[in-house]
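A.B. asks: Listed below, chain by chain, are the residues.
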Amino acid sequence: MIDRKFIVGIIVFGSLWGFAECIIGSLLRDVNLPAGAIMTGVFAIGLMTLSRTTFRQPGMQTGIGLVAGGLRLFNPFGGCFICSAIAIMAEGLLFDLIWTGFSLDQKKTQTLTIQASLGITSAYLVYVGGYIVTQILTPVFSSAGFYIENLIVFIPQILASGLLAALLGIVTVPVVFALKKTHITMQDRLYYPVTISVSAFCWVFVIMNTILIVWL
Amino acid sequence: MGKDRILPILALILLFIASSSSLYVYASQTTTDTLRINGQQYTIDQLFSLTKPRSFNDSQYNGIALDDLMLKTAVSNPEQHTYTLKASDGYEKTVTWENMRNGLLTKNRESIFSDLPKAFRVKEIVTIEVK
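In order, the protein sequences belong to chains A and B.
Counting in numbering that gives the first Met the number 0, the first sequence runs from 0 upward without gaps.
Counting in numbering that gives the first Met the number 0, the second sequence runs from 0 upward without gaps.
Wrong hints could be hidden among the right ones.
On the chain A side, residues computed to face chain B include the following (Cβ under 10 Å) [what the hints assert, rightly or not]: (1) G118; (2) I131; (3) P155; (4) L162; (5) S196; (6) F200.
Rather than coming from a laboratory, the hints here were simulated on the basis of the structure.
Glycine is no exception: its CB is placed at the ideal position from the N, C-alpha and C atoms.
Extracted from the complex, chain A is given alone in its bound form:
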């Protein structure tokens, strides 16, 4: 049986991540800040950690990445939107694999050291992995084709660019765990109206924003 609450959870977290990528990410790029690392280290890792610790179900972050990447495709502004969409989808899958690989769903208590380590590991591997996947898949889907030597010579830069995401992850993950300790919950009767409204707002805002940019 399909768990409707789980599906709606994927949609709302994916929509929030996609919204952040399209709107906040574009603003960060406009002021020449390293948007990719900030978006991954704060929003992607934050939302995926929150969703995983709430639902504790493998596969959820892959779905969240697909929704967020799908929304990113509706906003063809601010950097390479195809690359971004591919990277977001890969990041969701990688987070899922890391969390499942370390059996983190079974842990009942987390020390600050483990939380900070998880922040570094997940943020860095998710960012670097997403970067590498997009460097492979974007040329594959273009008329130019993929050349492995283009990727190999750029590996040191990719490994270096993940440092900021890792440092942000040190703060993001413990903050999410601290928020979870406050035990803020939503009444069941409000769950669907709130999550569906938030998701709809994110999608309508991004699509309207795209239409306005094209027309003005």
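Model the placement of chain B on the given structure of chain A, informed by the hints.
C.D. replies: Showing chain B alone in chain A's frame:
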């Protein structure tokens, strides 16, 4: 060793990799005012004086035609080669002759292709290698 112990060790290893890569990238960055095309050095002004202009998107992007640039820099049988655009930070992308026919080089030494994603915008190009 339990996974609880592996995680902090892995985190430290990753921080070390990221930090040492940053140092390597910083130390290996190159700055030059010239472009090396097919083994020859040119200034951007030289290239703009010998190559025909091209623009995209109602003149939003202006520069010189990359295909004409290859012809003017004496590349023979251009359709039989691929072209690797290399940036000062090590980023590089390889494209076909067909892509070069839809590409331009801006005054800021950035490549723009009308038929390729933005990932193929190589900034601060220092070398165009003909293969």
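A.B. asks: Would the hint on A/L162 stand, with a C-beta cut-off of 10 Å toward chain B?
C.D. replies: Because about 4 Å separates A/L162 from the closest Cβ in chain B, which is inside the 10 Å limit, the hint holds.
A.B. asks: Classify the hint on A/P155 as holds or violated, based on whether any CB of chain B lies nearer than 10 Å to its CB.
C.D. replies: Hint holds; A/P155 Cβ to chain B Cβ min 5 Å, cut 10 Å.
A.B. asks: With chain B as the partner, please determine if A/G118 meets the hint condition of a C-beta pair closer than 10 Å.
C.D. replies: Nearest chain B Cβ about 8 Å off; hint holds.
A.B. asks: Identify whether the interface hint at A/F200 stands, where standing means a beta carbon of chain B within less than 10 Å of its own.
C.D. replies: Because about 28 Å separates A/F200 from the closest Cβ in chain B, which is outside the 10 Å limit, the hint is violated.
A.B. asks: Taking the least C-beta to C-beta distance, is A/S196 closer than 10 Å to chain B?
C.D. replies: 33 Å, violated
A.B. asks: Given a cut of 10 Å on the nearest C-beta pair, is the interface hint for A/I131 held or broken against chain B?
C.D. replies: 13 Å, violated
Against the hints set out earlier in the document, violations occur for numbers 2, 5 and 6.
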